[in-house]
Amino acid sequence: MKLGFLTAPFPETPLMEVADWAAAADFEVLEIACWPVSGGVKRKYAGTAHIDVANLTESRGSEIKDQLAHKGLDISGLGFYPNPLHPDPAVRSAAIDHLKKVIVATGLMGLPVTNTFCGGDASKTVDQNWEEALKVWPEIVRFAQDHGVRLTFENCPMIFSDDEWPGGHNIAYSPYVWRRILEEWGDTVGLNFDPSHLVWLMIDQGRFIREFGEHILHFQAKDVMIDRDGLYERGSISGGIGWQIPRIPGLGHAPWAEIFSELYRTGYDGPIIIEHEDRIFEGSDERIKRGFLVARDQLRPFIR
Amino acid sequence: MKLGFLTAPFADTPLMDVAEWASSAGFEALEIACWPKAGYAARRYAGTSHIDVANLSDDKAREIADELAGMGLSISGLGYYPNPLHPDPEHREQVIGHLRSVIEAARKLDVPVVNTFMGADQTRNPDQNWEEALKVWPDIVRFAEDNGVRIALEHCSMLFTYDEWPAGHNLAWSPRQWRRILEQWAGTVGMNFDPSHLVWQMLDAERWIGEFGEHIYHFQAQDLHIDRDAFYEAGGAMSNGMGWQVRRLPGLGSVDWGLVFRSLYRAGYDGDCIIEHEDRGFEGSDELLKRGFTIARDVLRPYCH
Numbered sequence: 001m002k003l004g005f006l007t008a009p010f011p012e013t014p015l016m017e018v019a020d021w022a023a024a025a026d027f028e029v030l031e032i033a034c035w036p037v038s039g040g041v042k043r044k045y046a047g048t049a050h051i052d053v054a055n056l057t058e059s060r061g062s063e064i065k066d067q068l069a070h071k072g073l074d075i076s077g078l079g080f081y082p083n084p085l086h087p088d089p090a091v092r093s094a095a096i097d098h099l100k101k102v103i104v105a106t107g108l109m110g111l112p113v114t115n116t117f118c119g120g121d122a123s124k125t126v127d128q129n130w131e132e133a134l135k136v137w138p139e140i141v142r143f144a145q146d147h148g149v150r151l152t153f154e155n156c157p158m159i160f161s162d163d164e165w166p167g168g169h170n171i172a173y174s175p176y177v178w179r180r181i182l183e184e185w186g187d188t189v190g191l192n193f194d195p196s197h198l199v200w201l202m203i204d205q206g207r208f209i210r211e212f213g214e215h216i217l218h219f220q221a222k223d224v225m226i227d228r229d230g231l232y233e234r235g236s237i238s239g240g241i242g243w244q245i246p247r248i249p250g251l252g253h254a255p256w257a258e259i260f261s262e263l264y265r266t267g268y269d270g271p272i273i274i275e276h277e278d279r280i281f282e283g284s285d286e287r288i289k290r291g292f293l294v295a296r297d298q299l300r301p302f303i304r
Numbered sequence: 001m002k003l004g005f006l007t008a009p010f011a012d013t014p015l016m017d018v019a020e021w022a023s024s025a026g027f028e029a030l031e032i033a034c035w036p037k038a039g040y041a042a043r044r045y046a047g048t049s050h051i052d053v054a055n056l057s058d059d060k061a062r063e064i065a066d067e068l069a070g071m072g073l074s075i076s077g078l079g080y081y082p083n084p085l086h087p088d089p090e091h092r093e094q095v096i097g098h099l100r101s102v103i104e105a106a107r108k109l110d111v112p113v114v115n116t117f118m119g120a121d122q123t124r125n126p127d128q129n130w131e132e133a134l135k136v137w138p139d140i141v142r143f144a145e146d147n148g149v150r151i152a153l154e155h156c157s158m159l160f161t162y163d164e165w166p167a168g169h170n171l172a173w174s175p176r177q178w179r180r181i182l183e184q185w186a187g188t189v190g191m192n193f194d195p196s197h198l199v200w201q202m203l204d205a206e207r208w209i210g211e212f213g214e215h216i217y218h219f220q221a222q223d224l225h226i227d228r229d230a231f232y233e234a235g236g237a238m239s240n241g242m243g244w245q246v247r248r249l250p251g252l253g254s255v256d257w258g259l260v261f262r263s264l265y266r267a268g269y270d271g272d273c274i275i276e277h278e279d280r281g282f283e284g285s286d287e288l289l290k291r292g293f294t295i296a297r298d299v300l301r302p303y304c305h
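Sequence order for the protein chains is V and S.
Position 93 of the first sequence, counting from 1, maps to 93 under the working numbering, and the rest follow consecutively.
Position 174 of the second sequence, counting from 1, maps to 174 under the working numbering, and the rest follow consecutively.
Because the hints were derived from the structure by calculation, they are not lab data.
Here the structure is a predicted model, which means the values were calculated and not measured.
Ideal Cβ placement from N, Cα and C applies to all residues, glycine included.
Be a bit skeptical, because a hint or two may be false.
Restraint ranges, calculated between C-beta atoms of paired labels, are given here [what the hints assert, rightly or not]: (1) S/GLY251 x V/LEU293: 48 to 54 Å; (2) V/SER161 x S/ASP59: 55 to 61 Å; (3) S/SER254 x V/TRP21: 44 to 50 Å; (4) S/LYS135 x V/ASP162: 17 to 23 Å.
Modelling step: build the complete structure from the supplied sequences, incorporating the hints.
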């Protein structure tokens with residue numbers, strides 16, 4: 001296993017400067033944020049463009065890879081997390097168009113995975129969304145196969161406020177949907193497993209990893225704390241709104257020893273990519289770096 | 001604290017037959033199911049009409065109360081649990097009309113509370129539903145005040161399947177909502193407390209009773225267990241209890257009854273304890289229903305004195 005982080009929280013800092021700091025801080029791998037340079041749908045923690053995938057040549061791709069390798073850094077994958085099942089056809093097609101560019105870039109650079117979301121229409125039930133996924137995804141999956149790239153879906157429900165209520169913007173969070181995904185596209189699509197989502201969903205970590213471990217192609221280390229006052233206010237029916245608080249690994253309720261115990265047991269030997277969405281450690285690169293250092297030192301003992 | 005049960009599961013048995021069994025089984029109180037005689041929109045566990053409230057004379061009311069008293073039974077409240085915020089205006093008008101008849105019947109029977117739901121439009125979020133409640137409920141509350149009757153809203157979210165998804169059919173489930181309700185109508189509107197709902201909502205029962213104890217007008221004893229396999233399957237908390245909240249008789253679920261009674265006595269609650277029976281393991285015949293009630297009785301009896 002190698003320890004690294006997703007570069008998304010440094011939207012204004014060029015990739016190579018982020019990489020210099022990462023190497024100096026003893027990180028070994030980066031997941032590179034690849035949102036469109038020109039912008040698009042913006043939300044918090046989305047939008048960083050550390051590689052301009054739309055204009056990436058093969059030689060530019062190799063150059064980036066070599067420069068990072070020279071600093072001792074691998075690339076775990078390229079990350080772009082939009083909503084490919086968005087109900088607005090224009091938003092949806094823009095997301096899918098760019099996703100394909102990320103897939104092409106992943107192939108050009110010889111990287112193993114493109115990390116993304118399955119998507120979801122918040123107003124529809126899970127089963128209705130799945131019907132839609134069956135229409136939208138086969139073509140993208142084929143495109144990825146043609147480029148020799150595997151796809152991962154993060155298991156995040158993408159619900160944070162009434163804006164995503166009730167169904168969230170990504171249906172790939174429950175075991176029963178994951179079984180369907182793997183049945184359809186298991187050769188090409190796997191999990192970008194982030195244990196923090198299981199914390200507020202209250203799903204058993206060990207059971208989830210034991211069932212899906214062999215399909216985990218990428219691992220994001222994030223933590224969540226349950227705000228007990230917020231949960232008391234609204235109850236479990238509220239989709240986590242107001243009580244699931246993203247934290248730096250070690251500052252939430254994720255049982256890291258159990259998670260790594262099960263990951264090693266299941267044979268996972270890929271990257272451990274810290275995802276930083278902790279509002280306590282935001283506002284400047286300085287604070288973001290402090291957050292990453294806390295996470296690094298929490299996780300480092302498990303990663304060899 | 002008197003121990004009794006809600007009569008709803010005995011849909012085809014006359015009230016006095018139910019009462020005779022209750023009395024012989026050592027129960028002391030009944031919540032009487034008062035759905036409309038005519039019957040419409042019957043759902044599971046709804047529809048029983050043990051008193052025809054629409055045609056209840058003062059004399060008939062006195063007769064019922066006296067007959068029950070003769071068997072050693074008091075009436076804890078009248079129960080009618082519809083959806084007064086249903087999006088269909090006709091349906092809504094119908095249920096509110098009947099709710100008013102139940103309120104009048106409570107006055108005639110000298111019963112202190114009518115137990116019901118606040119209701120909800122399942123397609124709207126809690127804040128939107130609350131806006132609607134502020135339009136619909138003041139009239140009903142005034143009507144109850146005029147009749148000298150209090151209203152107890154059960155804090156069940158009424159969400160069981162995608163038919164009620166995502167918001168359920170009853171808005172009054174969260175502390176956040178309850179504070180708004182009490183701010184508007186405390187004194188006339190209180191809580192029909194049922195600890196089983198707190199189990200799957202993952203709400204702290206001790207904290208809940210500590211905060212709302214003085215507003216508990218009626219207490220329904222139901223239990224619930226979380227089917228951990230179904231919970232895992234459906235994606236945990238995102239799936240809003242669907243497929244994994246399993247209603248059980250008191251003693252057969254995860255409610256911590258010691259904690260519930262400790263907190264209720266501490267909060268000064270001195271009303272009845274009314275068993276609500278929706279346990280599919282004890283259904284299908286009056287015989288099975290009675291076995292279920294007997295289990296619940298023996299689990300709760302040690303606490304009810």
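Status of each hint after checking the structure:
1. S/GLY251 x V/LEU293: 48 to 54 Å: The hinted range 48 to 54 Å holds for S/GLY251 and V/LEU293, with Cβ atoms some 51 Å apart.
2. V/SER161 x S/ASP59: 55 to 61 Å: Holds: the Cβ-Cβ distance is about 57 Å, inside 55 to 61 Å.
3. S/SER254 x V/TRP21: 44 to 50 Å: holds (49 Å)
4. S/LYS135 x V/ASP162: 17 to 23 Å: At roughly 21 Å between Cβ atoms, V/ASP162 and S/LYS135 fall inside 17 to 23 Å, so the hint holds.
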